[in-house]
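Mapped onto my numbering, the consecutive letters of the sequence shown carry residue numbers 120 to 627.
Any given hint could turn out to be false.
Cross-link-like lysine-lysine pairs, in silico, BS3-like; alpha carbons within 30 angstroms at most [stated by the list, open to error]: (1) 167 to 534; (2) 534 to 562; (3) 290 to 222; (4) 514 to 355; (5) 401 to 170; (6) 535 to 499; (7) 167 to 355; (8) 231 to 582; (9) 562 to 506; (10) 541 to 553; (11) 175 to 401.
Label pairs and their in silico Cβ distance ranges [stated by the list, open to error]: (12) 495 to 528: 16 to 24 angstroms; (13) 495 to 560: 45 to 53 angstroms; (14) 359 to 553: 30 to 38 angstroms; (15) 508 to 351: 16 to 24 angstroms; (16) 522 to 586: 41 to 49 angstroms; (17) 239 to 214: 22 to 30 angstroms; (18) 355 to 408: 38 to 46 angstroms; (19) 359 to 324: 21 to 29 angstroms.
Read the hints as simulated data drawn from the structure, not as lab findings.
Note that beta-carbon positions come from the ideal geometry of N, C-alpha and C, so glycine has one too.
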Amino acid sequence: MNFKLGFLATFLISTSIYAQITPTQIDEVVEKTIKTFDVPGIAVAVVKDGKIVHAKGYGVKSIITKQKVDENTLFGIASNSKAFTSAALAMLVDEGKIKWDDKVVKYLPDFKMYNDYVTNEFTVRDLLTHRSGLGLGAGDLMIWPDGSDFTAEDIIENIQYLKPVSGFRAKYDYDNLLYIIAGEVVHKASGQTWNEFVENRIIKPLGMTNTASSWVRLKDTSNVIVPHVPIDGKLKVISRYKNQLFDAAAGIYSSVNDMSKWAIMQLNKGKYGSGQKIFSEKEHAEMWTPQTLMPNKPVPPYNSLFKAYGLGWQLNDVKGKMQASHTGGLEGIVTQVTLIPELQLGIIVFTNQQSGAAFSAITNTIKDSYLGMEPFDHVKYFSDREKASGEKADKVTDEVWQTVAKNKNQKIDTKKYIGTYKDNWFGEVAITEKKGKMYFASKRSPQLKGEIFFYKDNNFVVKWDNRYFHADAHIFFEKDNAGFTMKPISPATDFSYDFQDLNFFRIK
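Given only the sequences and the hints, what does the whole structure look like? Please build it.
What follows is the structure in structure tokens.
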């Protein structure tokens, strides 16, 4: 009897200690993260049992202005916007205006995929679940790094030209374009644009007063971070991505304070305030039901046994508890939202530098305390992993540029490569020559321009003028020079530079 009481007392004390990470401890791990990963500014919020228990900014919004980040500082939440799109569709399901398994062509008759069967069978659910058969980030060059010359109608028209890499509904490959199309379904079914619907039906009711569905819709930009990227080992401020076309996939700007209200509503299964609801408990459960299995290899410290994608959320288990989470990334900005419903716990981390290791280290440290886990140095773990990954990528790129340097004096008949080429979904590019040097310039994505260097055989590489892309690419000309294909040089290139999906043919 005494042993049992003693064990129970010890268990309760240890659980209590683990479950109460202090504000000072959060401060310490964030400051360590800032130094380790060279992040200018971070904002962190923790919600527990329906209340905000921590909301604070750290560091600076800009390395130039040195203005401080606070809990109301706005960040682009990027792909954390996807859960707002799935929520908007769930609300329309609640209202009987759509069904998850309605065919997309019912709302968008011009929608067309790579074959008739997939076109006719493609559902609203399929738009959200990353199982279309298209490859990772397929077609993202229509929205990234520019996208200003493309419209939603262009994407609906052009997606048919993207070739599948797997069977329809056969495997997981992350997609952005289909969320843009999902935003168009919201428009058709509701009569409001995606931006209007999300702001009027989600953001305003939740009291997210500093949040907007797009950068261009922000009323006050006085407390907003600027994006930062390391270039040649030194952190630099870069231009902000502002393209509204991307909004339904990645457009929302918010603060950790405002996103805490979103997290509390999600943990409360759609309810907020004094009994109001954004969507029904039934549709909330649908969004958190696994739809597409994701590759999963159990690794310490969580040893998750499953990993899947729901509707706008990634789902997995941590120490026997279900977790719903998502990450988001724009150039120079990355974010993470993590929810553990059994613990009524939400963790939100935003940063203004594109190291995903930073938000992972902070989120996991906070999460561990509530899960009752032994202390684990996540900052060191992710630092070591990031270093190893960087060294591996550097080895690949170094070998390419060493080959370029070795072959730089080889005589090349550049004239046979000069011309205008076209890809069916991306449009035209020009290969030109000036003073013996070759250049690449995209017509519809003007930031994609740079010098072309001979690599070997009939292959070249393009070095983009914009060095913060970190996305230099191979160019593989056909033997008769009637066209060419491309692929990124570095394995660390962001997947949205989907050069491998391009297939150019000469038009003049």
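List, from low to high, the hint numbers that the structure doesn't satisfy. Those not satisfied are hints 1, 6, 7, 8, 9, 11, 12 and 16.
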